[in-house]
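If you're matching them up, the sequences are chains L and G in order.
Those letters in the first sequence? Residues 81 to 593, per the working numbering, in order.
Those letters in the second sequence? Residues 8 to 149, per the working numbering, in order.
In case anyone wonders, no lab produced these hints; they're calculated from the structure.
A couple of the hints might just be wrong.
To be verified - Each pair of labels, with its calculated beta carbon distance range: (1) G:129 x L:345: 28 to 38 Å; (2) L:360 x G:96: 55 to 65 Å; (3) L:207 x G:125: 51 to 61 Å; (4) L:509 x G:129: 49 to 59 Å; (5) L:584 x G:125: 17 to 27 Å; (6) G:78 x L:152: 47 to 57 Å; (7) L:275 x G:69: 48 to 58 Å; (8) L:380 x G:95: 48 to 58 Å; (9) L:345 x G:95: 58 to 68 Å; (10) L:567 x G:78: 41 to 51 Å; (11) L:464 x G:65: 26 to 36 Å.
Heads up, the beta-carbon is just placed ideally off N, CA and C, and yes, glycines get one too.
One-letter residues, chain by chain:
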Amino acid sequence: MSGKTVSTPDGRPFPPGEYPIVVVGSGPGALQVSYFLGRLGIEHAVISSDAGPGGMFRRWPFFQRLLSWTKPYALVDRRSRDFERWDWNSLLAREPELRGIAAEFMDGSSDFPSRPEMEANLGAFADRAGIEVRYGCRWESTLREETADGDRFILTTSDGEYRCRYPVFAVGVAEPYSPSTPGIDLAVHYADTRDAESYAGKRLFIIGKQNSGFELATGLLQWASRISLSSPSPAKTSIETRSLVGVRARYVQPFEDALLGGGVDILAASIKGITRSSSGALQVTLARSDNAMPMTVEVDEVIAATGFTCPLLDLPALGVATFGQARLPAQTEFWESVTVPGIFFAGTIGQGAAGLKKHGIPSNSGALQGYRYNARVLVRELARRYFDISLEMAPLKVGDLRDHLLAEATRAPELWHQKAYLASVVTLDPNEGARDVGILPLTHFLDDAGPDAVAMTVESDGASIYPVVYVRHDGKTEEHALEADPLLDFEGLAHRRDLGTILDRITAGASAA
Amino acid sequence: MATRDEIADAIAGMAIFVDLARPQLLGVASRFEEAFFPKDARVLRQGLTGSGFYVILDGEADVIADGEKRATLARGDFFGEVSVLLGEPPIADVVATGPLRCIVLGGPDVEKFLVDHPRVMYRMLQAQARRLRAANRRFAQD
Chain L
81 MSGKTVSTPD
91 GRPFPPGEYP
101 IVVVGSGPGA
111 LQVSYFLGRL
121 GIEHAVISSD
131 AGPGGMFRRW
141 PFFQRLLSWT
151 KPYALVDRRS
161 RDFERWDWNS
171 LLAREPELRG
181 IAAEFMDGSS
191 DFPSRPEMEA
201 NLGAFADRAG
211 IEVRYGCRWE
221 STLREETADG
231 DRFILTTSDG
241 EYRCRYPVFA
251 VGVAEPYSPS
261 TPGIDLAVHY
271 ADTRDAESYA
281 GKRLFIIGKQ
291 NSGFELATGL
301 LQWASRISLS
311 SPSPAKTSIE
321 TRSLVGVRAR
331 YVQPFEDALL
341 GGGVDILAAS
351 IKGITRSSSG
361 ALQVTLARSD
371 NAMPMTVEVD
381 EVIAATGFTC
391 PLLDLPALGV
401 ATFGQARLPA
411 QTEFWESVTV
421 PGIFFAGTIG
431 QGAAGLKKHG
441 IPSNSGALQG
451 YRYNARVLVR
461 ELARRYFDIS
471 LEMAPLKVGD
481 LRDHLLAEAT
491 RAPELWHQKA
501 YLASVVTLDP
511 NEGARDVGIL
521 PLTHFLDDAG
531 PDAVAMTVES
541 DGASIYPVVY
551 VRHDGKTEEH
561 ALEADPLLDF
571 EGLAHRRDLG
581 TILDRITAGA
591 SAA
Chain G
8 MATRDEIADA
18 IAGMAIFVDL
28 ARPQLLGVAS
38 RFEEAFFPKD
48 ARVLRQGLTG
58 SGFYVILDGE
68 ADVIADGEKR
78 ATLARGDFFG
88 EVSVLLGEPP
98 IADVVATGPL
108 RCIVLGGPDV
118 EKFLVDHPRV
128 MYRMLQAQAR
138 RLRAANRRFA
148 QD
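Chain L with its partners taken away, still in its complex shape:
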């Protein structure tokens, strides 16, 4: 369902040629974008160097168990929007039969699906939703061409040239990154970790204290004789940060082992170099972060769990600005390159549109439960801007506004998965009355000089989760945080009273209309 689909003689869709949009990738981000484009009837091609759908889930995580959960028996209909809050792993769909698919493939052994279960979930979605991809087609380079009717981007691929106005790159953060530490060639990257049993009895040094480092440490606890993890800053868990920042609770066992002297060292130190001694052992030379004093650890193996970067090929040479160790493309609130208009991004790479990061807590745009909503917002924006497709904005009775917003704060999965990043917006135009605009990036709402409007978000300050309402009135925007609730229910009397007081100040005009 990708607009006009033309097959080549080998049966593959989307032969080289001109398309309004070309989506690069076949991971969940690309599948989600193609799904929404197709449902709006926007012609596009999808190309991928992979042999099938799934992206990184075709191979990772290394120990074959995801970090994102799905609760199959949540007390809501599995085919409803409400279920999405309890399901981090299914792609979004309008059709009820395409919703909540992840739960179908879970065998009941964990609320965290296994990698094969996730791959099957994504494959089933692509198949049932009729998403077509030209697999085995590798994007190799990019050109921008000025034409009489606007710029075109030319994507050279292993199959030939694709021309389009708007490329959407959903290529993941998938290129192994290792620092330029002297002797780093003596280490292997996370991506090249061997089977666990091959580390039996080994002294193992892991560079990096993010989730990938602790995933390896957890999985190798029963095999390695000693495990040392190091990075310059202290490790924090998601429990300490009360967010998905930090090492996930699934991987806390190495922390306990370290605290109890159980053969795990968690070090805050920078690595000066790695050398091989005459005995064949590896010497990892470190400088402690607290006092700069040197120290050395002798080990048998070093693994660099130092993350991945974006495989952007020649896009930086085309002018796409990047930032951070992952070399994420810097993006607008609608996931467009800030330096090369017309180039868009989707999937995990969309975390380059950082949003406000209020209280230091990032969005979940790096994970499926976050970027699936970004994809829907992106496609709606592309449809509005470039394809003259205006989406219906449902009228709302002013008298229902308060309860509508509180219901969104309590249940809207977009707000729960993308805290302080996506907002549920209602406009209050004096001529048109109240309109449910739907989900928009919060930064867009804050920077947009539109009519009076209200935006509801769910936010966290690292201590509690609470709703925040942003009110735009006479060109000025105010922020009002509502109280937290121990049961996370924001539809009670206190919230109705408090939000009602805030809304009363701006709804008089809309009521009159």
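Following the hints, position chain G against chain L.
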């Protein structure tokens, strides 16, 4: 700009980090995150809670309070710390005047960072003292 080594190189000569040895600079680069803002992007928003502590790596930004430009910040300057220290929303916007690269530390992490790095706290205090003195002089002249 991207890796920890590159960020450590970039901040090595800045007044606020001048007392730190290389491993500590790498620790700073590891704790802060790099952020990029295009021209006209609002980095800090007047009246909005939850902001962070920023140090400019490259580019310039204007400080704008109630629509009036108050100052221009450049490489090595920092902002957002007053809001974080007082737990109150910023009283001014900080707006990129061109491509702007910063490192940023989330508000909840600032106290521990400063306690862990007393020399950075001292340099920050020095900078605040200079700002206070300048404000007092302006006040006296008015």
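Comparing the hints with the structure gives:
no.: 1; hint: G:129 x L:345: 28 to 38 Å; verdict: 32 Å, holds
no.: 2; hint: L:360 x G:96: 55 to 65 Å; verdict: 59 Å, holds
no.: 3; hint: L:207 x G:125: 51 to 61 Å; verdict: 59 Å, holds
no.: 4; hint: L:509 x G:129: 49 to 59 Å; verdict: 54 Å, holds
no.: 5; hint: L:584 x G:125: 17 to 27 Å; verdict: 49 Å, violated
no.: 6; hint: G:78 x L:152: 47 to 57 Å; verdict: 55 Å, holds
no.: 7; hint: L:275 x G:69: 48 to 58 Å; verdict: 56 Å, holds
no.: 8; hint: L:380 x G:95: 48 to 58 Å; verdict: 53 Å, holds
no.: 9; hint: L:345 x G:95: 58 to 68 Å; verdict: 41 Å, violated
no.: 10; hint: L:567 x G:78: 41 to 51 Å; verdict: 46 Å, holds
no.: 11; hint: L:464 x G:65: 26 to 36 Å; verdict: 34 Å, holds
Of the hints listed earlier, those the structure fails to meet are numbers 5 and 9, in rising order.
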